[in-house]
Amino acid sequence: VTLDPDTANAQLLVSRDRRGVRWTDAGQDLPITPQRFDASCCVLGCRGFTAGRHCWEVEVARGRTWALGVARSSIPRKGWFEFRPEKGIWAMGRCGNRYRAFAFPIVTFPITGETGRVRVALDYEGGQVAFYLAEGEPPIFTFRKASFGGESILPFFWV
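Sequential numbering from 1 applies to the sequence shown in this note's numbering.
What the hints contain is simulated information worked out from the structure, not anything from laboratory work. Small disclaimer: the values here were computed from a predicted structure and weren't measured. Mixed in with the good hints, there may be bad ones.
Just the calculated beta-carbon pair ranges, DEER-fashion [as the list claims (entries may be wrong)]:
#1 Glu151 - Trp23: 25 to 33 Å
#2 Ala134 - Asp38: 32 to 40 Å
#3 Ala121 - Arg18: 16 to 24 Å
#4 Thr108 - Glu137: 12 to 20 Å
#5 Asp6 - Trp56: 18 to 26 Å
#6 Asp25 - Cys95: 16 to 24 Å
#7 Asn97 - Cys46: 31 to 39 Å
#8 Glu137 - Gly27: 14 to 22 Å
C-beta atoms are modelled at their ideal positions from N, C-alpha and C, and glycine is treated no differently.
Taking the hints into account, I'd like the entire structure generated from these sequences.
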């Protein structure tokens, strides 16, 4: 996944190759634009999907808080917002010593061993977003009956 630095919150440093991101407490002096997240420490991928099946792996920091998944291209970029399918975000993440699927209601489950990698699988026509922690294992969580409304769906990251 190639990240779109024009969407990155000013607290996020996107790597030169645009394949990595990390939080910084220093912040950056970046232009305020409609596509940039101003309150939430989020960044989107460059390439959106409007059809097909797509899969990518993400290396995550062990022991840190994070969330990832997919989002509609129209999600708000200004102010705070909830990570929920009804708001156009299908995501899961690590909070404290538990994984959390940002469904409604939120689903939590214990961390039984961190691999440091998460695979995201998007099936646009099938309306599913699945998250895998290990190769060959069943998904840790799947959003089913997702309604993407014909919109472009982008990789989503919160750091």
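Go through the numbered hints given earlier and state which of them the structure violates, listing their numbers in rising order.
8
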